[in-house]
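K.L.:
Below are the chains, spelled out letter by letter.
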Amino acid sequence: MSILLGFLVYLPSVLAGGLLIHQLWPGNQSARLLIKLGLGTGLGLGLTSMLYFLSLLIFNVQSGFLVIQLILLALGLALAWTNRLQNPIFPFPEKITVTRLQKLLLSAFGLLIVISIGSYFVHALMNPHGGFDAWMIYNRTARFFYRGGADWLTAFSPQIYWQFHADYPLFLSLNVAGAWNTLGSESMRAPQAHGAYMLFGIIFLLMGAVAFTRTTGQSLLAGLVLLGTPVFVYEGPREAADLTLSFFVLATVILFFLYQRKQKPILVTLAGFASGLAAWTKNEGLLFVLAVCLACAFIAFQLRNLKILIPFGLGLAFPGAVILYFKLFLAPSNDLFANTNQPSLLQLLTDMDRYRLIFSEFIDHIVWFGRSHISILALLLVYMLIVRLAPRASDHTAYLACASILAVQFFGYFAIYLVTPHDLDWHLRTSLGRLIMQLYPAALFLFFASLSDPETVFAK
Amino acid sequence: MQLRLRAQQLLIGLIMLVSLYSSVSYLIWTQSAGTVAFDHVADWESRFTPVKETLPIQRGTLGYIADWDIPGADFAPSDQDAEYILTQYAFAPFILVRGVDQEWIVGSLSPRSYEAWVQIRLGEYKDYKFKGNVYLFHRLDLTK
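If you're matching them up, the sequences are chains F and D in order.
Residue 1 is where the first sequence starts when you use the working numbering, and the numbers rise one by one after that.
Residue 1001 is where the second sequence starts when you use the working numbering, and the numbers rise one by one after that.
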């Protein structure tokens, strides 16, 4: 029962997100609807988290979470009803036929979904309080909010030891505290359900976008590879924020890619909003906003259309303002920049041993990413060499822009390790795998969007 | 050409098999990684429930000491670190600050460490002992 309640408590936000995006980006082809369902999960939960933060700041009342969710859902339903003739959800405009190959891939994917759900629940039942990061950061902060009541700002006290990361953005902690307020108890099923929503959001988004840009078979193959990477199923019940950040990196990359194809400014606005929510999820999201701004400028320059910076800025404005307020007026200093006892920046930057260690750890973690006995990277590289890249010439700018987002983020992580004041070995060991996971679904999207699809291969 | 086509088809099959294999391996690993019957976080938290009930305050800052604060005590740093994190998690919304500067101090000490602590701080604190090597110390002279 508590598992069901954990899922139900976030359902209004998820539905509201999907319905609102359906209004902003009309169309009801099946792949497009899958993208919107995926996007709606993260953007709906993100919007709720930010509005809940504002309601806490303004009214200092904890009970607003359900009210905000219901208002958003009512708005989504009202708009969907009003526009039902111009912008229906059902029936799909295309006739859905499934080939023999697609049936085979679909069966394998279905089996994988069943196994993954089983693993998810076993892991969730074994670890009700989630993993180390959940007790240390997200659920701990949620307890400060929920148990602290009107004194919820204690969660940002500079007295809190740096390792608890009281400066971390509040997406997850606020949603967990809000769900506890709605349920009237600290049910650990709520953060677990939040993780499950983000996991399914990633799957829907990745598969919808690959189906939209390529074929159903390619989309199923992408879904198989993602779910065949066990670290993703493992991350959900850990109740940490890496899966959520992974979602927003993927959403931003896909929205930029789709904008370049469809030239709809609303897609760039949503990309701006999604990147802002990445910064509301984890500190790494702040670096991500920088990477996305650079990519947006690149696209504007390539397309000789500086006007796209306006819708992007509009999308980023609301989450950007909330994050700025949080960082400037509430959050204590970050441990990476507050430590004054560290060696000088020049000393760290000129230490070649640090470069060697970081580089070798990056290689090791990438090659063996995913908690599998088989290197996924090696398998995908062989697959790419045999199947070959077949990107559309018209997508050239989109590939470059999206790849540059991931590259800037990747090199940003490298640079942070170079200047970290903490023991480098410890810092790499405790975080690098999760950082790679944040970029993995977006990299998978670019990979499968640029390769020949299985339908073409088997048709030969 | 025919060989290349066969290789492409084989690789698609291989991706399906590898994904299924990884997923099943993970499911098997999950079952060996713990048990549903024992929740170590809840177990750790339950040790501190009587401490919270004894405290006369509902909010504020508490001191925290463990074996790593006792000179000569044996301890594993990573265990002490994890225990501090779990204890802070259990005590939220209290802030747990390492050291003895607060009026109320939570202790998680082995019997030897406790004896050593009592020798060092004789008469300075009123001790409350609980099950599971858990202590609460109340500083008697608040002017110090």
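Treat the hints with caution; some may be incorrect.
Stated by the list, open to error - Pairs of lysine to aspartate or glutamate residues, derived as DMTMM-like cross-links and limited to a Cα-Cα distance of at most 25 Å, are as follows:
hint	chain 1	residue 1	chain 2	residue 2
1	D	Lys1126	D	Asp1101
2	D	Lys1131	D	Asp1069
3	D	Lys1052	F	Glu455
4	F	Lys95	F	Asp423
5	D	Lys1126	D	Asp1141
6	D	Lys1052	F	Glu186
Said to hold, decoys possible - Computed from the model, here is a short list of chain F residues facing chain D with C-beta under 8 Å:
hint	residue
7	Leu125
8	Gly148
9	Asp151
10	Cys293
11	Leu379
Honestly, the hints are just simulated from the structure, not real lab data.
Idealized CB from N, CA, C, for every residue including glycine.
K.L.:
Against each hint, give a clear statement of whether it holds in the structure.
P.N.:
Going down the list of hints, with the structure as the test:
1. D:Lys1126 <-> D:Asp1101: The given pair, whose Cα atoms are some 15 Å apart, holds under the 25 Å limit.
2. D:Lys1131 <-> D:Asp1069: Satisfied, since the Cα-Cα distance of roughly 20 Å is no more than 25 Å.
3. D:Lys1052 <-> F:Glu455: violated (63 Å)
4. F:Lys95 <-> F:Asp423: violated (58 Å)
5. D:Lys1126 <-> D:Asp1141: Status holds; Cα separation ~10 Å.
6. D:Lys1052 <-> F:Glu186: holds (17 Å)
7. Leu125: holds (5 Å)
8. Gly148: Nearest chain D Cβ about 4 Å off; hint holds.
9. Asp151: Holds, because the Cβ-Cβ distance from aspartate 151 of chain F to chain D comes to roughly 6 Å (cut-off 8 Å).
10. Cys293: violated (35 Å)
11. Leu379: Holds. Min distance 6 Å.
This entry does not satisfy hints 3, 4, 10, going by the numbered hints stated previously.
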